[in-house]
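First to last, the protein sequences are chains A and B. In terms of our numbering, the first sequence opens at residue 15 and continues consecutively. In terms of our numbering, the second sequence opens at residue 9 and continues consecutively.
Honestly, the hints are just simulated from the structure, not real lab data. There's no promise every hint is true.
As the list claims (entries may be wrong) - Pairs of lysine-lysine, DSS-like flavour, derived with a Cα cap of 27 Å:
#	chain 1	residue 1	chain 2	residue 2
1	B	Lys50	A	Lys27
2	B	Lys78	A	Lys71
3	B	Lys75	B	Lys10
What the hints assert, rightly or not - Restraint ranges, calculated between C-beta atoms of paired labels, are given here:
#	chain 1	residue 1	chain 2	residue 2	range
4	B	Lys104	A	Leu97	22 to 32 Å
5	B	Glu23	A	Pro53	25 to 35 Å
6	B	Glu53	A	Ser36	18 to 28 Å
7	A	Tyr24	B	Pro22	34 to 44 Å
Ideal Cβ placement from N, Cα and C applies to all residues, glycine included.
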Amino acid sequence: KAGVTQTPRYLIKTRGQQVTLSCSPISGHRSVSWYQQTPGQGLQFLFEYFSETQRNKGNFPGRFSGRQFSNSRSEMNVSTLELGDSALYLCASQTSGRDEQYFGPGTRLTVT
Amino acid sequence: QKEVEQDPGPLSVPEGAIVSLNCTYSNSAFQYFMWYRQYSRKGPELLMYTYSSGNKEDGRFTAQVDKSSKYISLFIRDSQPSDSATYLCAMYNFNKFYFGSGTKLNVKP
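The whole structure should be built from the sequences, with the hints applied where relevant.
If you want it as structure tokens, here you go:
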């Protein structure tokens with residue numbers, strides 16, 4: 015079974031721009047979660063989507079948004095990028111609720 | 009107070025040593041406990057998944073959960089240089105995962 019895939023793997027953007035990251039979960043997984051990982055803050059939960067609906071949300075500003083499609087693929091969008099948004103963005107999928115969560119390789123975003 | 013506390017390390021041990029990694033947590037409602045291994049510039053990889061209290065063994069790895077003390081551990085026997093990575097503990101409750109900040113482990117040949 016193929017694992018979680020994320021595209022692109024690396025991205026360099028300028029302050030003020032917006033960016034869209036993509037995640038394809040493991041086949042059969044309906045839940046997709048997004049995390050931001052930085053050396054100082056560790057893994058921080060952004061949001062989770064299940065069956066195209068946002069089920070949980072972390073404490074991030076409205077510039078961070080996401081969506082999930084009917085095939086469970088998910089996108090995350092960050093508008094008006096700030097230098098502090100530079101991080102590794104990780105996507106994780108699971109079958110439904112109380113299951114193991116599997117991570118993708120991440121998208122490393124650098125904002126200059 | 010953070011929901012999950014984990015010593016960031018770094019922890020440096022010689023090859024062959026037994027490694028003990030630990031996390032404490034504050035929410036007694038947590039029922040599902042996980043350990044992830046993350047190599048540099050990669051995504052976290054699920055190592056161990058346990059439900060409620062007790063021990064679970066998988067090869068050189070043993071996960072231990074003590075719910076009465078709100079304490080979980082990961083033991084690595086016969087540690088190898090390839091075990092050098094950051095280890096993250098995680099807990100699950102009400103459709104949400106809570107992660108420790110990770111302990112960086114270095115196993116010296």
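Status of the hints after comparison with the structure:
1. Lys50/B / Lys27/A: At roughly 21 Å apart (the allowed maximum being 27 Å), Lys27/A and Lys50/B satisfy the hint.
2. Lys78/B / Lys71/A: Measuring from Cα to Cα gives roughly 25 Å; hence the hint holds.
3. Lys75/B / Lys10/B: holds (17 Å)
4. Lys104/B / Leu97/A: 22 to 32 Å: Since Lys104/B and Leu97/A have Cβ atoms about 28 Å apart, the given range 22 to 32 Å holds.
5. Glu23/B / Pro53/A: 25 to 35 Å: Holds, since Glu23/B and Pro53/A (Cβ atoms, about 27 Å apart) stay within the stated range.
6. Glu53/B / Ser36/A: 18 to 28 Å: holds (21 Å)
7. Tyr24/A / Pro22/B: 34 to 44 Å: holds (35 Å)
In summary, the structure agrees with every hint in the numbered list given earlier.
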